[in-house]
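Let the hints inform the model, and build the full structure from the sequences given.
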Amino acid sequence: MPLSALRLCSRLPNMSESIHEAPLPPETETAQVKGDTGSAIEKEDVGDDAVKEVFDSNAAALQPDLKRSLKSRHLTMLAIGGIIGPGYFVGIGSGLTNGGPAGLLLGFGVVGVLLWAVMQSLAEMAAFLSVSGSFANYAGRFIDPALSFSLGWNYAFLWFGILAAEYNNLGLVMTYWPSALPNWGFILIFWFFFLGFSYLGVLAFGEAEFFITMAKILFILAFFVCSILLSSGAIGEGPPIGFEYYRNPGAFADGVAGVFKQYSGTEMIGLTAGESANPARDVPRAVKFVFWRVLVIFLGGIFFLSLCVPYNDPTLLSGTSKTARSPFVIAFVRRNLPRGGDAINAIIIVTIVSALNGALYVSSRCIAALSAEGRAPAILGKINKRGVPWTALIFCNLFGFISLLNLSSSAGQLYSWLVNITGVATFITWGCICWCHIRFRKALQLQGISLDELPFRAALYPYGAWFGLLGNLFFIFFQGWTCFLSPFSVSDFFMNYMMIPVFALMYLGWKFWKKTKWVDLATCDLVTGRREWRPNTAAGDAEGKRTFVQRMKDGVTG
Numbered sequence: 000m001p002l003s004a005l006r007l008c009s010r011l012p013n014m015s016e017s018i019h020e021a022p023l024p025p026e027t028e029t030a031q032v033k034g035d036t037g038s039a040i041e042k043e044d045v046g047d048d049a050v051k052e053v054f055d056s057n058a059a060a061l062q063p064d065l066k067r068s069l070k071s072r073h074l075t076m077l078a079i080g081g082i083i084g085p086g087y088f089v090g091i092g093s094g095l096t097n098g099g100p101a102g103l104l105l106g107f108g109v110v111g112v113l114l115w116a117v118m119q120s121l122a123e124m125a126a127f128l129s130v131s132g133s134f135a136n137y138a139g140r141f142i143d144p145a146l147s148f149s150l151g152w153n154y155a156f157l158w159f160g161i162l163a164a165e166y167n168n169l170g171l172v173m174t175y176w177p178s179a180l181p182n183w184g185f186i187l188i189f190w191f192f193f194l195g196f197s198y199l200g201v202l203a204f205g206e207a208e209f210f211i212t213m214a215k216i217l218f219i220l221a222f223f224v225c226s227i228l229l230s231s232g233a234i235g236e237g238p239p240i241g242f243e244y245y246r247n248p249g250a251f252a253d254g255v256a257g258v259f260k261q262y263s264g265t266e267m268i269g270l271t272a273g274e275s276a277n278p279a280r281d282v283p284r285a286v287k288f289v290f291w292r293v294l295v296i297f298l299g300g301i302f303f304l305s306l307c308v309p310y311n312d313p314t315l316l317s318g319t320s321k322t323a324r325s326p327f328v329i330a331f332v333r334r335n336l337p338r339g340g341d342a343i344n345a346i347i348i349v350t351i352v353s354a355l356n357g358a359l360y361v362s363s364r365c366i367a368a369l370s371a372e373g374r375a376p377a378i379l380g381k382i383n384k385r386g387v388p389w390t391a392l393i394f395c396n397l398f399g400f401i402s403l404l405n406l407s408s409s410a411g412q413l414y415s416w417l418v419n420i421t422g423v424a425t426f427i428t429w430g431c432i433c434w435c436h437i438r439f440r441k442a443l444q445l446q447g448i449s450l451d452e453l454p455f456r457a458a459l460y461p462y463g464a465w466f467g468l469l470g471n472l473f474f475i476f477f478q479g480w481t482c483f484l485s486p487f488s489v490s491d492f493f494m495n496y497m498m499i500p501v502f503a504l505m506y507l508g509w510k511f512w513k514k515t516k517w518v519d520l521a522t523c524d525l526v527t528g529r530r531e532w533r534p535n536t537a538a539g540d541a542e543g544k545r546t547f548v549q550r551m552k553d554g555v556t557g
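Per numbering that gives the first Met the number 0, residue 0 is the first one in the sequence shown, and the count goes up by one each step.
Calculated directly from the structure, the hints in this document are not laboratory data.
Hints are supplied without guarantee of correctness; some may be wrong.
Mimicking BS3-like on lysine-lysine, the simulated pairs with C-alpha atoms at most 25 Å apart in a straight line are [unchecked claim]:
1. Lys381 - Lys513
2. Lys441 - Lys516
3. Lys510 - Lys441
Have a look at this one:
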């Protein structure tokens, strides 16, 4: 494998049945807890304080005030839309420069396989145990309550960084067109807009994301067609290009310096399970469709871009604006079609709107779930009649003001640090999801629960889960290895590795403060939030009799 490809891989992302409350085996002693449907859910009465904390926090994580309004099509588009952000239209350019087209394809392919393993693990747990908080809740349920605290806040920090970055990006791209309004003015206007829109509730959020993501996908598919026309010389000025850029300057660049975060966000499917109308059906369906669509969108986008733009195009790194550096814009400009920049800038604005919408949704639900479990201040767990965790929403949106630091040259470095140190948080989250899955399967075995009771069964278990765990551990510690090259970069070292000690300190601090214990899998909670799938119901039979047209529609909308 060429050195550039190896380097690229080391610097990647900083991706109807009926349900009813499941019965507990008759020989266990039980207590009553109110579940999300208002009916009594049985749980095992255990004496160990650490395990009791798991039961109590799990019951709280059901959060009955949240609305189960999201449908399968919403979940599917949420996961896809979460990773088709401005980084897709602009960030791929730096990756193309540093890795070359073949190196970039190889790198995204490697992380795509890693993402597949993570999503298989997450889908199996989320379909069986659909609670608000998802994988953070699973960490406290199957490993250690202290890990639930550190993982939940780690994931929240990840989205806080995304919020700040996207508010900053939105202000920058709005200045692409001449305007008397300064950058900070756009940031403040959109800050209040997103706060108000998020108060409309989860259904409004889901519908907005559905149509925005559809628009993004249609644009990307249209670009695929345009790139063929551009490279063949059918439109624009100049001779046909074909695969010339794979020969000159070549398929691989000499090195790589970019860190790709485009796949991060796909795991939000698990977090939305607590607000899905039918998670036992919808979560597996969303995961099944999302992976292949993501690969088509990313690998297809890279391939078609590389036909139109060579990796050594100087504008990729020295464009006069964020939009000018987009390889999508450069593809049109190289053929003397400059009006393409206006269209690309418009779609970048749409993607930022979608990214901010999703970041506010995920971060607020994550904080609300932590509050419900006693791992964040209680005031952050308040939910209004629309099912919106409004206090958590305000709290999370405040982190958007970090973007204002970038307006000052003296504070610009601090802004970069605050945004970039969250990159490794993606790998920590993905690795912990796979670890939870391994412990989850062991708990099923020890408690005598058959795999036939799972609504969705992860493929290639245990190999996929272990691959996901070990692969993410590798990236956690080696994704920033280039900072050790001469000369050693102190700032790059802190940006790449700061979250590792922060995560460890959060875990150890909560463990010593709360005196938590390692969860005993033989007595852990496999009841709270559990839904048992019945594949032989009339609704399930109806699913199998869907027409070809209906199945094609499912393929598009989920």
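(request) Check each numbered hint against the structure and report the violated ones by number, ascending. (result) none
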